[in-house]
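Required output: the full structure, derived from the provided sequences and hints.
Reminder that position 173 of the sequence shown reads as 257 in the numbering used here, one-by-one numbering, no gaps.
Simulated from the structure, these hints should not be mistaken for laboratory data. All residues carry an ideal CB built from backbone N, CA and C; glycine is no exception.
Across the chosen pairs, the derived CB separations fall in these ranges:
1. Gln158 <-> Val255: 24 to 30 Å
2. Val255 <-> Pro190: 28 to 34 Å
3. Leu274 <-> Pro234: 36 to 42 Å
4. Pro234 <-> Phe258: 14 to 20 Å
5. Ile182 <-> Gly127: 36 to 42 Å
6. Gly169 <-> Arg276: 39 to 45 Å
7. Leu201 <-> Trp289: 19 to 25 Å
8. Gln158 <-> Ile182: 21 to 27 Å
9. Lys277 <-> Val125: 17 to 23 Å
10. Lys236 <-> Gln158: 25 to 31 Å
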Amino acid sequence: MSVTHQVLDYSTTRESATQPPPSLRPLEQKVEDPVRPLWAVIGLVGLRLALGFEFLWAFLDKTFGLGYSTSSAQAWINGGSPTKGFLSGANVGPFQGIFRSLAGVPGMDWLFMAGLLGVGLAFILGVAIRPAAVSGALMLALMWAAVWVPAKVAGGQPSGSTNPIVDEHIVGIFGFIVVGALASWGAGYLGRKWSSLRIVKSHSWLR
85 MSVTHQVLDY
95 STTRESATQP
105 PPSLRPLEQK
115 VEDPVRPLWA
125 VIGLVGLRLA
135 LGFEFLWAFL
145 DKTFGLGYST
155 SSAQAWINGG
165 SPTKGFLSGA
175 NVGPFQGIFR
185 SLAGVPGMDW
195 LFMAGLLGVG
205 LAFILGVAIR
215 PAAVSGALML
225 ALMWAAVWVP
235 AKVAGGQPSG
245 STNPIVDEHI
255 VGIFGFIVVG
265 ALASWGAGYL
275 GRKWSSLRIV
285 KSHSWLR
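Put into structure tokens, the structure is as follows:
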């Protein structure tokens, strides 16, 4: 064996000796999927479906007047305005004038109803969860501002708020954040199909 071969062989042996075995190498070298506890997945799927159904039901009730928060006479298909009743009652807070001016505006009605339908369907089907989560959180934040939860009195009557900051709108906002952040957890068959699209793979915010 030549001197050159002896040197190369010695260098290779020495380098191999200094490398730890695979089981002792840094964990960052191993690419593994995060652990997804079953109960966490069940809870996340339940949260996604609950938020989706809440928005979808609001759309159906306001469209057809199912008698829960909207009577048949006030249904959207019968000429009623989905935003007039809620926004016209915004009489507290720094944005009350803005909200009242938008009450009953046809363009605002269409935008509001499209948001309810889009967020509801996206969350129930498990597709476009992150865009829907952003939209849903924004809608709830605007509703919170319209109600103005910090107020104790609204229109001369007790506002009914039992907390100066946190109400169901705030809880829902954080629910949207959690579901959007973990969009790949329990997205279901349609969600997996959606995530496999080329444009979604290259733009994770669409997931």
